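K.L.:
Sequence:
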Amino acid sequence: VAAQPVETTQAPTADGERRQALSLSDRPPTAASASNSIVVQYAVHVVQADEDLSSIAALYGLRTQTLISINQIRNIQAIGEGSTLRIHDRDGQLYTVREGDMLSTIARRYSPSLGWKTLQEINGLKSEIITVGQQLFIPDTTSSSATQLVDRSPIQFQKPTGGAISMLFGQPAENPATGITEPLMGVLIQGSWGQAVVAAGAGQVVDAGYEVEGRGRFVTLSHEGGYRTSYHHLENVEVRIGMNLPKGGVIGSIGTSGTDWQRPTLFFSIEQSGIALDPSQFF
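Mapped onto this note's numbering, the consecutive letters of the sequence shown carry residue numbers 1 to 283.
The set of hints was computed from the structure by calculation and includes no laboratory data.
If you're wondering where the values come from, they're calculated on a predicted model, not measured in any experiment.
Built from N, CA and C at the ideal position, the CB exists for glycine as well.
Hints are not guaranteed to be accurate.
[To be verified] Label pairs and their in silico Cβ distance ranges:
| no. | residue 1 | residue 2 | range |
| --- | --- | --- | --- |
| 1 | Thr118 | Asn236 | 26 to 34 angstroms |
| 2 | Val212 | Thr96 | 25 to 33 angstroms |
| 3 | Gly194 | Ile155 | 40 to 48 angstroms |
| 4 | Gly82 | Gly194 | 41 to 49 angstroms |
| 5 | Gly194 | Gly100 | 17 to 25 angstroms |
| 6 | Ile129 | Asn236 | 22 to 30 angstroms |
| 7 | Thr96 | Asp52 | 36 to 44 angstroms |
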């Protein structure tokens, strides 16, 4: 876990004391009150024996994906008693500046409604100049909107294939096309060779193709309410553009196309009106 403590905090010993382990000046406000301060604030949480990422996120009113991104967690199972986590005062993700980046391009790419000037202020920058390797906090301006979209979804999506979710939404992952580590805008599901991948909901095939490096064999479906689901790294595809599929209709089989992975793994994503949503909230 990449954590840079700003202060040493004594590990609390009871649920009611955990928040008190951070002094009033150090303790970040919950996500609900984050708007009280424009500059992002953080403190340090020492993980207790009976805690996991979900319970810690709930304690501070944050999403689990925020903790994963901010702390650059690659192995969730490695988080245990005594680990230290940076706790920010609002939901968001950590971004490492790359060659050619500007605040304006980063804001447009990850948070169009935010604006580059606000991004500058949130990170406490005195100017718009940024350097390669610099880390920026990008607040999640769609968090509440995303939750509302899930709540009012006109369809109920199902898990598109069997198997365990090996990587969560927002977790740092290497992009097979670029080799760059960035937040995962979907989930990875590991399965077995020959295992079917099915439509998560009734919809029409609007895109399908093959990329040697990147998505591999992929399919995208359009659904009622402006939703889209995408299925990448398929071993084979059994549909074509324009086909209408029922919920559970077979799309193809799980594979490793477009990657150098050893185990069959499906990348699955859901978005609504261009907003990436956490698929695990739907099933």
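K.L.:
Now look at each hint and say whether the structure bears it out.
P.N.:
Hint check:
no.: 1; hint: Thr118 x Asn236: 26 to 34 angstroms; verdict: violated (46 angstroms)
no.: 2; hint: Val212 x Thr96: 25 to 33 angstroms; verdict: holds (26 angstroms)
no.: 3; hint: Gly194 x Ile155: 40 to 48 angstroms; verdict: violated (28 angstroms)
no.: 4; hint: Gly82 x Gly194: 41 to 49 angstroms; verdict: holds (42 angstroms)
no.: 5; hint: Gly194 x Gly100: 17 to 25 angstroms; verdict: violated (42 angstroms)
no.: 6; hint: Ile129 x Asn236: 22 to 30 angstroms; verdict: violated (49 angstroms)
no.: 7; hint: Thr96 x Asp52: 36 to 44 angstroms; verdict: violated (26 angstroms)
Against the hints set out earlier in the document, violations occur for numbers 1, 3, 5, 6, 7.
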